[in-house]
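Next come the chains, spelled out residue by residue.
Number of protein chains: 2
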Amino acid sequence: MLRARIEIKLKKGVVDPEGKNIVKALHLLHFNEVKEAGVAKVIELLLDEEDVDRAKERAEEMCKKLLANPVINEYSISIEHVH
Amino acid sequence: MLRARIEIKLKKGVVDPEGKNIVKALHLLHFNEVKEAGVAKVIELLLDEEDVDRAKERAEEMCKKLLANPVINEYSISIEHVH
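The listed protein sequences derive, respectively, from chains A and B.
Start counting the first sequence at 8; every next residue gets the next number (this note's numbering).
Start counting the second sequence at 8; every next residue gets the next number (this note's numbering).
Calculated from the structure, these hints are not laboratory results.
Fair warning: there could be bad hints in the mix.
Copies of the same chain look alike in the list, so a pair counts if it works inside one copy or between any two.
[Said to hold, decoys possible] Under the rule of at most 27 Å between Cα atoms (straight-line distance), these lysine-lysine pairs were calculated in the DSSO-like manner:
id : residue 1 : residue 2
1  : K27       : K63
2  : K42       : K63
3  : K63       : K31
4  : K63       : K19
5  : K72       : K31
6  : K71       : K31
7  : K71       : K42
8  : K27       : K42
9  : K19       : K48
10 : K42       : K72
11 : K19       : K42
12 : K16       : K31
13 : K31       : K19
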């Protein structure tokens, strides 16, 4: 079994409203040292697959077809063995 | 400046409906090797702070007061220097 860890974030330049709201809310709570906030999503998949290259290729396909929005997202994939 | 990277996920045992839906949707697309999926959120904060220990302590407070839900979430914090 392999685990694919896919981190999906907004491309540079795409407005991140959730991040902006986090900054505002933290300032209201007097965390004034916070200058910027960005939010990303991590999807971890447990894969019944032994070949790391193949797993990475398939995870890439999953991103293209379902998990990420190519207009606004960029993503990175890492594959690790599950013990 | 320091960057705090906060990863927030569901505690073990808490049902992850988004993860379940991802598995279903991937199966519909014939990615049958996917056995489980879990979703986590990463919040990256840019902090006007130089002391790593202090930054970690403050990020911990932010999690407790706003970012994480102690009933269902667990989180990890890492601090790195911004170049």
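Which numbered hints fail: As far as the earlier hints go, not one is violated by this structure.
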